[in-house]
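Student: Letter by letter, the chains look like this.
There are 2 protein chains.
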Amino acid sequence: MAQVEALAGGGTTNEFDRDTAVTPRPGEPGSFDAVLSAGWTIIAAVNGGYLLAVLGRALREALPHPDPLTITAHYLTASQPGPAVIRTQTVRAGRTMSTGQASLFQTGEDGREVERIRVIAGYGDLDALPDEVRTSALPPAMPSYADCVSSADAPAGGPVEGSTAILDRLDLRLDPATAAWAIGMPSGSGQMRGWLGLADGRDHDVMSLLLAVDALPPTAFDLGLKGWTPTLELTVHLRAKPAPGPLRVSLTTRNLAGGLLEEDCELWDSADRLVAQSRQLARAPRG
Amino acid sequence: MAQVEALAGGGTTNEFDRDTAVTPRPGEPGSFDAVLSAGWTIIAAVNGGYLLAVLGRALREALPHPDPLTITAHYLTASQPGPAVIRTQTVRAGRTMSTGQASLFQTGEDGREVERIRVIAGYGDLDALPDEVRTSALPPAMPSYADCVSSADAPAGGPVEGSTAILDRLDLRLDPATAAWAIGMPSGSGQMRGWLGLADGRDHDVMSLLLAVDALPPTAFDLGLKGWTPTLELTVHLRAKPAPGPLRVSLTTRNLAGGLLEEDCELWDSADRLVAQSRQLARAPRG
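If you read the protein sequences in the order shown, they are chains A and B. Just add 6 to wherever you are in the first sequence, counting from 1, and you've got this note's numbering. Just add 6 to wherever you are in the second sequence, counting from 1, and you've got this note's numbering.
Source of the hints: derived by calculation from the structure; they are not laboratory data. Worth double-checking, as some hints may not be accurate.
Copies of the same chain look alike in the list, so a pair counts if it works inside one copy or between any two.
[To be verified] Derived lysine to any residue pairs resembling SDA-like cross-links, with alpha carbons at most 25 Å apart:
1) Lys-232 - Ser-193
2) Lys-247 - Val-120
3) Lys-232 - Asn-20
4) Lys-247 - Leu-266
5) Lys-232 - Gly-114
6) Lys-247 - Thr-258
7) Lys-247 - Ala-263
8) Lys-232 - Pro-89
As the structure is a computational prediction, the values presented were derived from the model and not from experiment.
Chain A extracted, bound-state conformation:
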């Protein structure tokens, strides 16, 4: 465990670093062991953003550059809390950017390895990028942190049945305009907005942005649908390191059709910088 904690950065014991830690597997270069924590489950599944962060940390160890500039995950089978192995491949190592691939496997009941997730990513060094910012996007209009609704105040009997463990790890406050689904009054606009920190006070960094893009309730709830909204594919562009403090997270769905929907996410930091953009393709709930 000492090794795991050292990898997690200076002996910190915050929940996110501890639960996304990866350990090089002796004798297997590019392979890493991890333990998926039950603390990041929602309904019946391990959260997809948390899983992406575990894979992101393995690729950070394997590649010559530290930061995922663009990372795409395909969710193949349902991950379970418990041991996992991540196998990475360096596809190309360039001067300013490297490309890597990683797969997360777990051992099934029959003793055979099952691939859970496959990721391909381009890594670079965010600190080495030019300073110029010409962003025309504007931060989401939403009430202050104090005027948003804490998930701890949510009434029972919402559309979520099953684990809500991840909510204990998050400091999540939803914009009331996108939270009324919890009392049976979805707005129908397909939006979700909120402030997002980590419950133990750890500030965001590049790896926790991978969690943040998939940490809010699905926009499907705001469309009046209930139940599990499994992510098929998730692509995140990380564009800057976040300033300290909670993020403003904005999710939008504009194309619910054919039983599928996209979820576009923007993450804005306390310095009004658009630090990440993501899009996922998900299967719409049946409800």
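Let chain A serve as the given structure and place chain B on it in line with the hints.
Tutor: Frame of chain A, contents of chain B only:
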């Protein structure tokens, strides 16, 4: 050649099907030969959307489902016109969806294979999806096809230096509001809109949508930048088969920062259906 034309579909000889044809390599299951055509080059490069369509056709042959619902390409090294081999892998074959991976290689001057592009994709059957459409997105507001500007009418001396061969394959008409960069008056809004057909009259299908998301001039031109805007990563969600007729294509950039920019693309068909959404991460031109 007879085999290639047969694969291209019923002996058709339209340019797109001919130039994206793939031929199974004898004795190497899952491997396909292709010839990248110089007819789809722009500036000094083979167009990234055309390349994605070549890979998309190889995965269609290799996987049990016909349509790429979500496909992500990482552009590793610059493709050249000429022979290429595509090697595919079936990652997972499910009932309604399968996941595949493919890499396109070319042989370098030293006789060694160089990987040009790596793709991961989820394939399904668009015809088998439920009919329900609850899209809240609206088609882009733009003038009629007749009132847009044909690329054949573009003045010389624009920001493009080098090949414009791809323009001879396309029936592209830009919204005048996003075309003034061609006369040195970029709007600065980071948008590009136009009508897009194929010059030989072939109607769009699923595979040509992969071309269409990367076929317009880059939004960087509308931001006043000049030169090559190389795509690092491109993800396309295909949501419906297109109705006949030219597509309306809308490109938007909202986050030019750190020398990188995103390009969001929507494709709308003649039946006002949002048939594809894509996002790419590209390197901003130096100009």
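Student: Please name the hints from earlier in the document that this structure breaks, with their numbers sorted from lowest to highest.
Tutor: Violated: hints 2, 3, 5 and 8.
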